[in-house]
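S.K.: Model the full assembly from the supplied sequences, consistent with the hints where possible.
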Amino acid sequence: MRIGEIIETGTTGFVAESLELNRPPALGSLVKVEVGEGGCVYGVVSHGTTAGLDPGRRAVRRSTAEVYDGAIYDEHPELRHTLRTEFSVLLVGCVEDGAIRQHLPAQPPPLHYSVHQCTEEEVRAFSERLYYLRLLLAAPGEAPSEQLLAAHVRQAYRQRGQDREWLERAARGIAALLKHDYERLMTVLYAIEPE
Amino acid sequence: MGYNWLSGTRQRGTRNEEIGLPLKLGPISQQVDRMAASFVADEHRALLREARQLLHAVDAEELRAKVRDRREKYPWLVAIPVHTLSQTFSPPLPPADFSVVGSDGSSIHPDRHSPLRYYVINTSHAVLTYGRHPNADLDSEGQLYFEDDDLYVLSGQKSIPIEGERLGVKMQIAELQAALKAAQSATDPMVALRDGTLILWQLQNEEREVREEFLGQFLRCLDGFRAASVPVIGYISYPGSHDVANALRVSLCRDDPSDCEHCSLSEEQQVLCDFLSRAWDRQLFEELLEEGRRSDVFESTSDILKKYESHHIQFLYLNVGGEVVRIEAPQWVMRDGGMLDLVHALVCDQCQRSPDYPPYPPALQEAHEQAVITTAEGRLVEELVERSLAERGIVYARSAKDRSKRRRAV
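Protein sequence lines correspond, in order, to chains A and B. Numbering-wise (the numbering used here), the first sequence opens with residue 1 and increments by one. Numbering-wise (the numbering used here), the second sequence opens with residue 1001 and increments by one.
Calculated directly from the structure, the hints in this document are not laboratory data. Note that the Cβ used here is the ideal one computed from N, Cα and C, for glycine as well. Do not rely on the hints blindly, as some may be mistaken.
So these bits of chain A aren't anywhere near chain B, every CB distance computed over 12 Å [said to hold, decoys possible]:
| id | residue |
| --- | --- |
| 1 | Arg2 |
| 2 | Gly39 |
| 3 | Ala59 |
| 4 | Val60 |
| 5 | His81 |
| 6 | Val95 |
| 7 | Gln102 |
| 8 | Gln117 |
| 9 | Ala125 |
| 10 | Glu165 |
| 11 | Gly173 |
One-sided and incomplete, this derived list gives chain B residues near chain A with beta-carbon spacing under 7 Å [as the list claims (entries may be wrong)]:
| id | residue |
| --- | --- |
| 12 | Leu1128 |
| 13 | His1133 |
| 14 | Pro1134 |
| 15 | Ala1136 |
What follows is a set of in silico ranges between Cβ atoms, one per label pair, in the way DEER data are often shown [as the list claims (entries may be wrong)]:
| id | chain 1 | residue 1 | chain 2 | residue 2 | range |
| --- | --- | --- | --- | --- | --- |
| 16 | B | Asp1139 | A | Pro140 | 38 to 48 Å |
| 17 | A | Glu168 | B | Asp1356 | 52 to 62 Å |
| 18 | A | Glu8 | B | Gly1393 | 55 to 65 Å |
| 19 | B | Asp1356 | A | Ala71 | 14 to 24 Å |
| 20 | B | Asp1139 | A | Ser114 | 48 to 58 Å |
| 21 | B | Glu1382 | A | Glu8 | 22 to 32 Å |
| 22 | B | Thr1374 | A | Leu111 | 15 to 25 Å |
| 23 | B | Gly1393 | A | Ala51 | 43 to 53 Å |
M.R.: As structure tokens, then:
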């Protein structure tokens, strides 16, 4: 499913404009960009914002006693055109020669290309190996990396059909990565909180 | 020695440029103080009160007769009250579903330092639909004009260049055309708003050919609105017009209005008349109009309107909350009770939806945002021209004066 279009791109990640206002993809969810024949890059959603399209125009309060929340958008239909939702994505892998690789792609995805939400099968296939969690943990994103990592694990666990075995594997992997930093490890594990 | 605007002292070694102020503000700030003091002086307030009383006291019928009976033209622009001078009206409720069409424009003027002559007009529209199916359609359309027919109007042997005020008028026409086009796909009932006046007074002093060509296009556009039964209005924020104040001067005047030397009014009335010559209409209506209420309709007597035929422009004042604005519309809008009510209701509704205070209609705000040509975009057009010429082996040579302004070497 197409969810956005790339408006800024680089070696480690990209920024996309969401097709739906106020609804960026979930934090930590896996997305992909199809590039060329059979080529594809994978990324994890690391941040989302909604603000005025023109950086010079800040949003102002619109609510009244009668009109608030969703009704504001009906009373001010221009808002859907003057606001935009953006999300940032950290690159975590790609498909090269038909195989999934968990490292930064050789090229950043092209500007203006479509961003797709990954299907459950794609999430399952990509997250089978867990080397990419290192990229997430080391990423200098806007959200704390522990929260991002935990959000991704929650998302993937659900999309893999509440795969308990995978969750335990992921938790062990994270524990190994953070074995020298107990506080950070606990922050991640508390934030995962599976049902 | 320079002036420190923060401490108000002169400092040795501080250059104005260093604090980004090439304008020496010292003397100006004292003058600003004097100006502000005179504006709020008791005398000013008392005269304004008297002027407002006069607005209530003057008999509209007598005033109309006085203006009509005078053979020569008044030396001032005088508004003629269509019904009354001081009656006010509360805003009707807007319909459940409606739309508002706003249009605006901006331009890149012909650059006399450039070897090529061209100009750009960027027009925009904002169609905002309210009610059960809220929607917004915001867009702009730019056009480069470079053919002889676009650049000049032929008048006998003369080629009159389209630039300055003439380009301004051409843009006003383009904005109105953009509004008419946008209105064709908007949902009824609707009102079309244009920022600024509908009175093309600049054409009065133009050559006949220029006037006829431009006015013809403008009036054909108004024909289009009337044929579609879409009320079209000019929205003037913070209007600087004096037409109604001048009408009050006419009511005071007992002599020849073009000969103030031999005035037979009492000294007090002469002071009032003098005050009215400088008072703005919006000041007269500020107290009279409560928020949302409008004045009665007035007819403008601008010379150019004699050529507007059935589209003669009338106007009214409306307190949109925090500001009295002037609304202009062709007489077929003002005379149609339903259309006039719709205009009143929708302008008030637009202003209630504005996040600003004083408010400004969102349809005009968004149209403006779409129309703006930024300095960077202007430069981009210039670069496109430059590149296109270079591809044909022509080096773009700007005038020496322009280059010196851009480089500013010392």
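S.K.: Hint by hint, say whether it matches the structure.
M.R.: Evaluation of the provided hints:
Every CB of chain B is more than 12 Å from the CB of A/Arg2 (nearest about 22 Å), matching its label as outside the interface. Distance to chain B confirms A/Gly39 as a non-interface residue, since its nearest Cβ pair spans about 33 Å, more than 12 Å. Non-interface status of A/Ala59 relative to chain B is broken: a Cβ of that chain comes within 12 Å, the nearest being about 9 Å off. Chain B draws A/Val60 into its interface by the beta-carbon criterion, the shortest separation being 4 Å against a cut-off of 12 Å.
For A/His81, the condition that its CB be more than 12 Å from all CB atoms of chain B is violated, with the nearest at approximately 5 Å. Under the 12 Å C-beta cut-off, the non-interface status given to A/Val95 relative to chain B holds; the minimum distance is some 38 Å. Even its closest Cβ contact with chain B, about 41 Å, leaves A/Gln102 beyond 12 Å, as expected for a residue assigned away from the interface. With a least CB separation of 27 Å from chain B, A/Gln117 remains clear of the 12 Å interface cut-off, as annotated.
Listed as outside the interface, A/Ala125 is consistent with that label: its C-beta sits roughly 41 Å from the nearest C-beta of chain B, beyond the 12 Å cut-off. With a cut of 12 Å on Cβ distances, A/Glu165 stays outside the contact zone with chain B, its closest approach being about 49 Å. Non-interface call for A/Gly173 relative to chain B: holds, since the shortest CB-CB distance, roughly 48 Å, exceeds 12 Å. Evaluation of the B/Leu1128 hint against chain A yields a held restraint, the C-beta minimum of about 6 Å falling below 7 Å.
Violation of the interface hint for B/His1133 is found here, the shortest Cβ-Cβ separation to chain A being roughly 9 Å, above the 7 Å cut-off. Given hint, B/Pro1134 at the interface with chain A, holds; its Cβ is 4 Å from that chain's nearest Cβ, closer than 7 Å. Annotation: interface hint on B/Ala1136 holds; nearest CB of chain A at approximately 4 Å, less than 7 Å. Distance hint check: the CB atoms of B/Asp1139 and A/Pro140 are about 39 Å apart, consistent with the given range 38 to 48 Å.
For the pair A/Glu168 and B/Asp1356, the beta carbons lie near 57 Å from each other, so the given range of 52 to 62 Å is met. Range check, A/Glu8 to B/Gly1393: Cβ separation about 38 Å, and the 55 to 65 Å hint is violated. For B/Asp1356 and A/Ala71, the Cβ-Cβ distance of about 20 Å falls inside the hinted range of 14 to 24 Å, so the restraint holds. Separation of B/Asp1139 from A/Ser114 is about 23 Å and departs from the stated range, judged on CB atoms against 48 to 58 Å.
Between B/Glu1382 and A/Glu8 the Cβ separation comes to about 27 Å, which falls inside the hinted range of 22 to 32 Å. Under the hint 15 to 25 Å, the C-beta atoms of B/Thr1374 and A/Leu111, about 21 Å apart, fit the expected range. Checked against the hint of 43 to 53 Å, the C-beta distance between B/Gly1393 and A/Ala51 comes to roughly 46 Å, which is consistent with it.
Checked against the numbered hints given earlier, the structure breaks hints 3, 4, 5, 13, 18, 20 and satisfies all the rest.
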